[in-house]
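Protein chains in written order, with this note's numbering: chain C, 58 to 485; chain U, 126 to 550.
Hints are computed from structural coordinates only; laboratory data are not their basis. You may find that some hints are simply not true.
With the Cβ distance kept under 7 angstroms, some of the chain C side facing chain U (calculated, not the full set) [claimed, not checked]: (1) G88; (2) S164; (3) T165; (4) K191; (5) I195; (6) Q198; (7) P207; (8) R210; (9) R416; (10) K420; (11) R427; (12) N430.
In this text, a Cβ means the ideal position worked out from N, Cα and C, and glycines have one as well.
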Amino acid sequence: MEKIPFAQLDEELYYEKLDNGLSVYVLPKKGFNKTYATFTTKYGSIDNHFKPLNKDEKIQVPDGIAHFLEHKLFEKEDGDVFQQFSKQGASANAFTSFTRTAYLFSSTSDVEKNLETLIDFVQDPYFTEKTVEKEKGIIGQEIDMYDDNPDWRLYFGLIENMYKSHPVKIDIAGTIPSIAEITDQLLYKCYETFYHPSNMLLFVVGPVDVEKTMNQIKENQSRKDYKDQPEIERSFPEEPAQVAEKRKVLKMNVQTSKCLVGIKAIDTDQSGSDMLKNELAVNVLLDMLFGKSTKTYEELYNEGLIDQTFSFDYTQEFGFGFAMIGGDTNNPDQLEEKLRGYLLAARNGEGLNEDALSRTKKKKIGAFLRALNSPEYIANQFTRYAFNEMNLFDVLPVLEQITFDDIKNTAQRLIDDSRMTVCQVVPK
Amino acid sequence: MAIINEVIKQKQGYKLHIVNTGKYKTNTFVWKMKAPLQKETVTLRSLFPYVLQSNTKNYPSTTVLRSHLDDLYGASLYVDLSKKGEYHIITFTVEIANEKFLTDPAPLLEKGMGLLAEVLFNPNASHNSFDESTVNNEKRTLKQRIQSSHDDKMRYSANRLVQEMCQNEPYALDPNGELKDIDAITPESLYQYYKQALAQDELDFYVIGDVQESEVEKAAEQLFKLQERTPESAGETAKKEIKEVNEVIERQDIKQGKLNIGYRTNIVYGDSKYYALQVFNGIFGGFSHSKLFINVREKASLAYYASARVESHKGLLMVMSGIENKNYDQAVTIIKEQMEAMKNGDFTEDEISQTKAVIRNQMLETIDIARGLVEILYHGVVSGVPVEMDEWLEKTDAITHGEIVEAAKEIELDTIYFLTGMEGQ
Numbered sequence: 058m059e060k061i062p063f064a065q066l067d068e069e070l071y072y073e074k075l076d077n078g079l080s081v082y083v084l085p086k087k088g089f090n091k092t093y094a095t096f097t098t099k100y101g102s103i104d105n106h107f108k109p110l111n112k113d114e115k116i117q118v119p120d121g122i123a124h125f126l127e128h129k130l131f132e133k134e135d136g137d138v139f140q141q142f143s144k145q146g147a148s149a150n151a152f153t154s155f156t157r158t159a160y161l162f163s164s165t166s167d168v169e170k171n172l173e174t175l176i177d178f179v180q181d182p183y184f185t186e187k188t189v190e191k192e193k194g195i196i197g198q199e200i201d202m203y204d205d206n207p208d209w210r211l212y213f214g215l216i217e218n219m220y221k222s223h224p225v226k227i228d229i230a231g232t233i234p235s236i237a238e239i240t241d242q243l244l245y246k247c248y249e250t251f252y253h254p255s256n257m258l259l260f261v262v263g264p265v266d267v268e269k270t271m272n273q274i275k276e277n278q279s280r281k282d283y284k285d286q287p288e289i290e291r292s293f294p295e296e297p298a299q300v301a302e303k304r305k306v307l308k309m310n311v312q313t314s315k316c317l318v319g320i321k322a323i324d325t326d327q328s329g330s331d332m333l334k335n336e337l338a339v340n341v342l343l344d345m346l347f348g349k350s351t352k353t354y355e356e357l358y359n360e361g362l363i364d365q366t367f368s369f370d371y372t373q374e375f376g377f378g379f380a381m382i383g384g385d386t387n388n389p390d391q392l393e394e395k396l397r398g399y400l401l402a403a404r405n406g407e408g409l410n411e412d413a414l415s416r417t418k419k420k421k422i423g424a425f426l427r428a429l430n431s432p433e434y435i436a437n438q439f440t441r442y443a444f445n446e447m448n449l450f451d452v453l454p455v456l457e458q459i460t461f462d463d464i465k466n467t468a469q470r471l472i473d474d475s476r477m478t479v480c481q482v483v484p485k
Numbered sequence: 126m127a128i129i130n131e132v133i134k135q136k137q138g139y140k141l142h143i144v145n146t147g148k149y150k151t152n153t154f155v156w157k158m159k160a161p162l163q164k165e166t167v168t169l170r171s172l173f174p175y176v177l178q179s180n181t182k183n184y185p186s187t188t189v190l191r192s193h194l195d196d197l198y199g200a201s202l203y204v205d206l207s208k209k210g211e212y213h214i215i216t217f218t219v220e221i222a223n224e225k226f227l228t229d230p231a232p233l234l235e236k237g238m239g240l241l242a243e244v245l246f247n248p249n250a251s252h253n254s255f256d257e258s259t260v261n262n263e264k265r266t267l268k269q270r271i272q273s274s275h276d277d278k279m280r281y282s283a284n285r286l287v288q289e290m291c292q293n294e295p296y297a298l299d300p301n302g303e304l305k306d307i308d309a310i311t312p313e314s315l316y317q318y319y320k321q322a323l324a325q326d327e328l329d330f331y332v333i334g335d336v337q338e339s340e341v342e343k344a345a346e347q348l349f350k351l352q353e354r355t356p357e358s359a360g361e362t363a364k365k366e367i368k369e370v371n372e373v374i375e376r377q378d379i380k381q382g383k384l385n386i387g388y389r390t391n392i393v394y395g396d397s398k399y400y401a402l403q404v405f406n407g408i409f410g411g412f413s414h415s416k417l418f419i420n421v422r423e424k425a426s427l428a429y430y431a432s433a434r435v436e437s438h439k440g441l442l443m444v445m446s447g448i449e450n451k452n453y454d455q456a457v458t459i460i461k462e463q464m465e466a467m468k469n470g471d472f473t474e475d476e477i478s479q480t481k482a483v484i485r486n487q488m489l490e491t492i493d494i495a496r497g498l499v500e501i502l503y504h505g506v507v508s509g510v511p512v513e514m515d516e517w518l519e520k521t522d523a524i525t526h527g528e529i530v531e532a533a534k535e536i537e538l539d540t541i542y543f544l545t546g547m548e549g550q
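Here chain C stands alone, though its shape is the one from the complex (with noise of 0.2 angstroms):
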């Protein structure tokens, strides 16, 4: 067991990379009442064309399946998890984004217990026909109350106008004719793909015993009969740089229209330490740009163009990435309009002063402690950056290193006309 310091913020964190593959923090938090792990594997919605385990040929699979093996784990033969963990007082969850779907409990006792049952229902599979059909009329529940969500077609309209081919742009639940076509045995050869533990991440944070509970985790997994697995073969489509369409208007059943502008990532086949420095420069860079203590800001507030809504961010992962401003508006156009002009101003250095940059660097680095206040962030973070190569706790580091050639760099390298998109939604 690797025990890993961060003075500065007084966190220890912990780590083994067991025989079979898995990889396991522990985190301990005194004074917090509950104890929150996640059980997280590298695979998502985008993971749709892969060799399955011990086959030649490379399949395609049905949009929406990791989504749909996320909801069918929880169901055994003797009755569904949720019950399991209720009865030892634990709520539990799950999540399926675009690269990673996660496993997760929280409870404030029990807590050796209710490990055990997570590590155990993620790793016992129990998949049939008449299961696999009931969850369909669920699922499909599921796909219409987003379809009538302005703010998800908005976001994913957006990501459709970016993305040509690229699998990202699939909604991650797939569509009621897509998730008709899935099978029991479609979902095993995922399962046996994706959920070898060397694929796979466990987290625990919270008041816990650290050895006790590595050393619980070491037993549970030896106890199972893996076998070495060889490296997955996942395979994307070419995409261009360019986005596929310049422009969306989406018509809906709404009172207030919305405007999102989107740029296309570059540099997406980073990962570790380019990754993290780059994914923080734009973000800072956002910031600087339309943050609430900026001038700009001021002006679209002032001029009736924006209201509290308004936001943007910034996320890269291997083989995409979006940045994306916007919010409610009562004039869309003008919003992109006005959007569109302070990003490509900001492409030659307008609009960005040193200033900004160290007034928003001590803004982050506020932001960050905050968000070290939940484990929940932690846990779920940490896993996304190590499935990049990347250090959650480099965080402040990285941060503090940035400087304004760097923000200037970043704008003129991302900022791109023939990146650029946007996707409204008005009403009918």
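Following the hints, position chain U against chain C.
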């Protein structure tokens, strides 16, 4: 030792609550203002907090104020409006880093408190009027906020149920105000109401973090000076006689139907049956092992979500589910059957102990978050019946099967609201 270590000090015009804990990397300040929910004041109350958080006398524009917050290591400042029972509650929150974790050791506690005091007591105002352009901006965004609440159909249908159910009761009012009343508000009338609220509201100030009691008290006394008051009570709510169940069908261009069903529990926070009601709700619809989740979702595959929640101070229980439009009758039937089963005592000791374990867990988890902790403590302020967390947990633990059935028998169906698609018109 008590689970929550809360110290309460009566200060001039407000109560100061201090919870000293080492588990956070930040300190949190929460300022609560409470007054009866009323048609005449609801829109004023939903507007002035946003004017206050836009800018102040010393930081007279959003840019200047927010730059100051950035300099304080990204201190966060935000307002929130809610209703608890027939009270309208305004909440200001400031969260600021604990300098212990920064390379820059300049103390931030007093700066955080000072910032909150500046926002509350030193607005960008002159001649008994707020700054006009700030008010105009916030009137516009308030309109947008109210309008966009119609666009989130889950929220919209939950609000519509309450409106239908509580017609002619203050609780029907939306804490975000009334669209039609915004235009008439002037910078002067808003300022006048703000002064009135500061003079008359019941005020509570919470400080949570790794803090010294004496230091907080001293700073609070210097920065927060208010006049004494006797806060107005919303009064007892009369029990509503339900003559017949109100069924409301509304049509809009949507894919998924939203089914919201409202019951009167006739039990509020502080009542002896309140703990049994909480256990009741957990078994009925509060958690993923509940009757609603199992029967509406898992067995019938009708919904992705099907749950129930209790409004503790008004005495309501609300079921919500998203279903295919054609499954309305089936879903209503299943939900009614679950309620009947509860009233008939058709639930096991296992379900009871499972539910108690989850409730206990939920409470303990909530107090791990500073804002969650404040919300739990504040229940006692709203009801006037403060309950120690330890007592809460003990009483919940002691609830019997019979007591849950007794609570169930108090519950009456009031309104069924269904937001459905345009087909079949």
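Hints, one by one, checked against the model:
1. G88: Cβ of G88 of chain C sits 3 angstroms from chain U, so the hint holds.
2. S164: holds (6 angstroms)
3. T165: holds (4 angstroms)
4. K191: Hint on K191 of chain C: holds, closest Cβ of chain U at ~5 angstroms, below 7 angstroms.
5. I195: At about 5 angstroms, which falls below the 7 angstroms cut-off, the nearest Cβ of chain U leaves the hint on I195 of chain C intact, so it holds.
6. Q198: holds (4 angstroms)
7. P207: holds (5 angstroms)
8. R210: violated (11 angstroms)
9. R416: Holds. Min distance 4 angstroms.
10. K420: Check passed: Cβ of K420 of chain C comes within 3 angstroms of chain U, closer than 7 angstroms.
11. R427: holds (5 angstroms)
12. N430: Nearest chain U Cβ about 5 angstroms off; hint holds.
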